[in-house]
Structure formats: C-alpha cells, structure tokens
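Go ahead and model the full structure; you've got the sequences and the hints to work with.
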Amino acid sequence: MKMNFFISILAVFSYFGAVKAQESQTRNSVKQSIYINKILKIEDLEMLIEDATEDNLIQVEIQASILFNEILNQYRAEKKLKPMEWNIGLWMAARNHSIYMTNEEFSHMQTKKISTYYTGYKFFNRLNYVLSSPAANNLAGGENLVMFYMHPEQTITYYVNIAFQRWKNSPGHNKNMLNPIYSNEGTSLYLDLKSNCIYGTSVFFE
86 MKMNFFISIL AVFSYFGAVK AQESQTRNSV KQSIYINKIL KIEDLEMLIE
136 DATEDNLIQV EIQASILFNE ILNQYRAEKK LKPMEWNIGL WMAARNHSIY
186 MTNEEFSHMQ TKKISTYYTG YKFFNRLNYV LSSPAANNLA GGENLVMFYM
236 HPEQTITYYV NIAFQRWKNS PGHNKNMLNP IYSNEGTSLY LDLKSNCIYG
286 TSVFFE
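Mapped onto the working numbering, the consecutive letters of the sequence shown carry residue numbers 86 to 291.
Hints were generated in silico from the structure; no laboratory data involved.
Do not take every clue at face value.
Said to hold, decoys possible - Result set (DSBU-like, lysine-lysine): computed pairs, CA atoms no more than 35 Å apart in a straight line: (1) K260 - K167; (2) K253 - K197; (3) K167 - K253; (4) K197 - K279; (5) K253 - K207; (6) K126 - K197; (7) K279 - K126.
Structure representation (structure tokens):
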C-alpha cells in the first residue's frame with residue numbers, strides 16, 4: 086500500500102469509536118454543522134472530529150462514507166478482490182469536490198479558479214490540496230461522480246445504495262470500483278439542503 090502518508094479510519098475514529106450509519110437519521114433529524122459548505126484540509130482533522138461527535142450533518146456524511154466503504158468491499162469480495170481501506174484524506178478531497186459541484190458546476194474538472202470552493206483542476210490536484218503536499222502526483226487513481234435528489238423520508242442507507250447502484254450500473258464507474266490496483270478510497274455524499282440534492286464523489290488511489 087503506497088498511501089502510508091494518509092490517516093486511516095482507525096487513526097481517526099480512535100477518538101470517539103467507530104461510526105456506523107443509523108437508519109433513523111434522515112435529512113430532517115440532524116443539526117447543521119460548522120463545516121457545512123466549508124472546504125477542508127488535513128490540518129482541520131482534530132476540529133472536524135470534535136464537530137462530528139455531535140448529532141449533525143457532518144457526522145451523517147461520515148457515516149454515509151463508511152457505510153459506502155463497507156458495501157463497496159462486500160462487492161469487491163464477491164469478485165475475489167482485496168478490500169479498499171477507507172481514508173480520511175481521500176474523503177476530504179472528495180467532499181471538497183462535492184461542495185465545489187454544489188456551488189459551481191457538475192464536472193470532473195474544476196474550471197473556475199477564482200471560486201471560493203476551488204481546490205484543484207483534477208482529482209489528484211485536489212488531494213494534494215488537502216495534504217498541502219504533491220504526494221498524489223505519482224500515484225494511480227480515479228474518481229466517480231453522481232448527483233440525485235433527496236427524499237426527506239429516506240435514510241442514509243437508502244442514499245448510499247442509490248450511489249452504489251448507479252456507479253455499479255455504469256461500466257466506467259464500475260471499473261473504478263473494481264480496479265485491483267486501488268487499495269484506498271473516500272466517498273463523499275454531500276447533502277445540499279438548498280437544492281434538495283446529493284452530490285457524490287468517490288476518490289480512489291493505489
């Protein structure tokens with residue numbers, strides 16, 4: 086595994102225990118977070134963890150990301166592939182891009198450099214932004230995107246499965262999820278309460 090410079094799920098959630106998705110948590114049952122619509126870097130980790138211990142949207146986002154990782158690894162196991170490790174650095178890069186798409190344009194490329202939400206043209210640039218380092222430049226990686234509308238009565242699990250099924254049913258996206266080279270991933274399902282949409286980004290690296 087080449088991404089030893091990233092912080093893994095075990096390092097992150099040793100602060101407050103492993104987080105699991107709660108079926109009862111929906112769009113209407115959680116609080117706002119100070120990190121809503123805020124671009125993240127790895128140095129924000131400690132404050133982010135403190136904020137995520139509250140019953141708020143940032144916690145729901147993290148829960149959704151971890152649940153997606155579990156579903157993805159079940160799928161990879163069915164295909165006799167090794168699991169991907171969930172990674173906070175990749176999740177931050179994915180979340181930053183989801184926020185950019187929410188506010189600017191739905192695209193793999195960030196073309197609006199003057200935007201408050203700009204973190205890099207391509208996904209590896211955005212990962213370098215999170216790390217404040219060019220560490221991702223020489224690694225193989227990929228990115229999946231999705232967007233769909235929310236339904237207030239639905240659960241985290243419902244939304245995670247929508248994203249997974251859409252990517253599974255798309256040959257190019259499915260290829261990324263089953264790429265044997267990739268061993269790390271972070272998936273952001275960003276809940277935009279203004280547009281009533283979810284913007285999803287998965288970032289994969291070897």
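How the hints compare with the structure:
1. Straight-line distance between C-alpha atoms of K260 and K167 comes to about 14 Å, which keeps the hinted pair within the 35 Å bound.
2. Restraint check for K253 and K197: the C-alpha separation of about 30 Å stays at or below 35 Å, so the hint holds.
3. For a cut-off of 35 Å, the pair hint linking K167 to K253 stands: about 17 Å separates their Cα positions.
4. Of the pairs offered as hints, the one joining K197 and K279 holds, with about 21 Å between alpha carbons and a cut-off of 35 Å not exceeded.
5. For a cut-off of 35 Å, the pair hint linking K253 to K207 stands: about 23 Å separates their Cα positions.
6. For the given pair, K126 sits about 19 Å from K197 by alpha-carbon distance, which is consistent with the 35 Å threshold.
7. Distance restraint check for K279 and K126: the Cα-Cα separation of roughly 24 Å lies within the 35 Å cut-off, and the hinted pair is therefore satisfied.
In terms of the numbered hints stated before, the structure departs from none.
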